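Undergrad: Here is how the chains run, residue by residue.
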Amino acid sequence: MSDDSPQLLPGTLYLLILRILAAGPLHGYAIGRRIKQCSADVLDVEEGSLYPALNRMLLKGWLRAEWGISETNRKARFYRLTNEGQKRLAAEASEFNKLIAAIQLVMKTA
Amino acid sequence: MQFLRELWLRLRWLAGRSRFHSELADEMQFHIERRAEELEEGGVSHVEAIARASREFGSRLKVAEDTSGAWQFRWLEEIFSDLCYAGRAFRRNPGFALTAIFCLALGIGANTTIFSITSSFLFSQPSCRDSASMIAIWEGGNSGSSVSDYRFLRDAHIFNGLAGIDVEREVNWRDGDRTSRFYAGMVTDDFFTTLECPFLLGRGIAPGETTTAVLSDRVWRGKFGEDPAILGRKLILDGRVYSIAGVLPANHRSVAGFSISPDIYIPVADDDDDVQFYARMPKGMTIPIARARLRSVFEQLDRIHPKDGWKRTNQLRVMGVTGFDVLNQEMPGQVTAFFAMLMIVVGLVLLIACTNVAGLLLARASSRSQEIAIRLSLGASRRRIVRHLLAESFLLSLLGLVAGLAIDLTCAKELNDLTLPVPLPIHLVVSPDWRLLWYSLCTVLVSALVCGLLPAVKAAGRDVNLALKRGERRIARRWNLRSVLVVGQLAVSIVLLATGFLFVHNLLRAASMNPGFDIRHTIWAYMRLVPDEYKDPDETKQMLVVRSALEQLRALPGVESAAITRRVPLNDNCVTGTRLRTDLFSTPVPVQYECNNVGPDYFRTIGIPIQRGREFNAADRKGSQPVAIVNEAFAHAVFGNTDPVGHTITTDFTDDKTKLIVGVAKDSKYFTLSEKQRLAVYEPYFAYGEPINLHFLIHTAGSPAAYVKPITDLLGRLDSTAAIETKPMSRALGVALLPSQVGAAMLGAMGILGLTLAAIGLYGVLLYSVSRRTREIGLRVALGATPSDVLRLIARHSLVLVGSGMIIGLALAFFAMQPLALFLVPGLSTLDSTAFLGVVGVLGAVALLATLPPAIRALRVDPMVALRYE
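Line order of the protein sequences matches chains A and B.
My numbering numbers the first residue of the first sequence as 43 and each following residue consecutively.
My numbering numbers the first residue of the second sequence as 3 and each following residue consecutively.
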């Protein structure tokens, strides 16, 4: 965990997890890895916030969890997007894009 | 929706908490190992990799806590843990828990059972689609109207369907060479399409069909052995062939309500038949709108087909078929009042049961005062303690409910198989439904609060310091809260017991009442003819059957006399109200009297003495001088002290002739044994048209049982298509005794239940007080008290409790029982001294029984052991 990794905006962790899982079910560790990879090592999700976030998303019904066999042939818990999670992803993504565009606009013009 | 789903997921999580934690541990372990593997691939040693991965992961405990925090649900979890704690406490003290659950099971079981019966009998939801849009229509204040009126209304197309049914019909079913009788519901052909009720097999009678039939589950089971291939089978009913179109399910409840359930449904055949109207309102129509539109249709009908002296729009009634609307229909107020009283009585039983449990909990709380004091001093809030104690009583009530519902369902099964001895197809369909569920949940909450709140508040409010200083050592006060509860309980149980006694006394009184005629030597043979076989207008064929039946019956060895009657007393009645004129007074007198048409020899056969004048003979028939016989009460009410024989009476019915009174019969009972003396007028049977329902009464020399078969065979030979039912009169008193029997059974049972519960309460209090006073008793014995002194000590305590309970209870009963006069036979007062004496006796005996074990325990107190506690 590097000290220079920026703080995530509140709520964006959900969005990232939803986006990562849209490609297919993954276990917790792989979710963290994928986020790191995709952000070119900029974003490093702490385990201390990853698992509570995953469980809150289970409770909200966006994800479902089931036990499966990992790529290294071990038992692991895989998270999968539900229909509701997919809808949520679409909604959050468009909202997020709007927000970022607005922030950038402010940053450029002000 | 979201909330409910989250609640559900959280509850599931709560239930599988331990699994969740182990799974989370596995998941975290997997995470760390994967990270370590990755590090190893980068060249780090195995041990170093594991250590680094763990370090990077941080505190597993913290992650686990945060993660389960996502699911947590504080208040629910606390309740859950309270319940678990309570459950563990009960396991440690099973005697207490079982006693409490037993008491609550009796109380709750009695409540839910009576509720099931009441709701099934009075408020049952008829089996049809969307019963809220169904209405019952009473044309001109009558429940039944003619089929031609039905057609007119149907063709006015106000409704989304109009159904007509007559539930009080009978048909003869010819099965091989045997004939038996069914209670039939005659329905219009769109009855089932309007109601849209569910079917077990097949379908309903379809519009246009005239020869299809629908069976009830009862008949399908009982007469056809649940034959799965029954559909399409032919039945000969009243000489016509019908094919079976469908079978109704066991839980079918007819739209007529009041548990009336015909054996079979067939289409109405005759335009003269009367049917009750049930209509389905279209969307948006309300009862006032329906009433207004019906009024205009009936006005039209009154203009086109006027009926003299009667307007269809008069007393037009439109009402719903579910819920309280049902009570607006035909139900006599007495029945509703009876059910209301039952609900109050079972409420009292539950109150006694709860008081018992409250007493137990109080005792428990005081012996646990140290535990509670410690918890309080360790920082538990009083609210938490109260909640914890309430959770105990809630768990008890819940377990009581489970046991109570088991009682309820057992009773319901028995009730569903019960056939009431009444000439109507009444069959209870008691089955658990949503209403029962809500009602049970309410009883559980109420009983949990009633039995738990007082002990909980009292326990939590106790002074911590006092309790910690082994507060148990205080001398027990005699008048503590528990004693007050027991006195209250005894008082209420006295009210229940007195009510039970009163109704049992009522039954005994009713059963021993003389009906005014001979039951022991009379046989009643009911012969129902098939109407199609006797269609000729001058009724010669019918007359022939009746004549030869009477001739052959009289010729049977051992038969002393036989007669025909229109109505059999105590089974069927007909009340006429009119303004009567006599040849003595020109001003008409309003009278209401029982009427019956009886054949020659009726009075001799049934054993009602003719006091003056003569009885009917063969000459009293159609076309001869109209005559009548009246009973003494009628003679007295209308003619005073004048002998009515030779005088005439005239009713105000338009086509009625003036009748000459030829005899006065002794008073007797007409419909129920408990009725007040009624007026009665008899007219000759053969003066009027012949019905197809023939009731023969036969007076035998010896015991009637031996004649049942020969009589049935004899009548069967006369017409093999007739349904014949023969029984001794003594077995045909069902209707007459039913109300008293039901009352005695229900209230007697409740009285016994209340008494049992109160006895348990008394026993508990005395036993507890003995155990608390062990030291005192030991000291007394050590100081020279004799066993009789000890006994006196306990007996005095018991006597004080029972005595005060009795006095309060008797005073309560005195006032509470006044309204019960409504249900009693004449001559029996609510201030029934036998009942009160019985109550005092029984309660005294039971109190003695409940006092005995505690007293024996007190006698066994060893002073040495008792004092060693010091």
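None of these hints come from the bench; they were simulated from the model.
Misleading hints may appear alongside valid ones.
As the list claims (entries may be wrong) - No more than 27 Å apart at the CA atoms, straight line, and that leaves these computed lysine-lysine pairs for DSS-like: (1) A/K140 / A/K117; (2) A/K129 / A/K150; (3) A/K78 / B/K64; (4) A/K102 / A/K140; (5) B/K624 / B/K537; (6) A/K117 / B/K543; (7) B/K64 / A/K102; (8) B/K543 / B/K729; (9) B/K225 / B/K543.
Stated by the list, open to error - Just so you have them, the derived chain B footprint on chain A, three or more residues with Cβ under 8 Å: (10) 58–68; (11) 77–87; (12) 97–108.
Given the structure is predicted, the values throughout are model-derived calculations rather than measurements.
The beta carbon of each residue, even a glycine, is placed where N, CA and C say it ideally should be.
Undergrad: If a hint holds in the structure, say so; if it doesn't, say that too.
TA: We went through each hint and held it up to the structure:
| no. | hint | verdict |
| --- | --- | --- |
| 1 | A/K140 / A/K117 | violated, 40 Å |
| 2 | A/K129 / A/K150 | violated, 32 Å |
| 3 | A/K78 / B/K64 | holds, 23 Å |
| 4 | A/K102 / A/K140 | holds, 24 Å |
| 5 | B/K624 / B/K537 | holds, 19 Å |
| 6 | A/K117 / B/K543 | violated, 92 Å |
| 7 | B/K64 / A/K102 | holds, 22 Å |
| 8 | B/K543 / B/K729 | holds, 26 Å |
| 9 | B/K225 / B/K543 | violated, 31 Å |
| 10 | 58–68 | violated (count 0) |
| 11 | 77–87 | violated (count 0) |
| 12 | 97–108 | holds (count 6) |
When held up to the earlier numbered hints, the structure conflicts with 1, 2, 6, 9, 10, 11 and fits the remainder.
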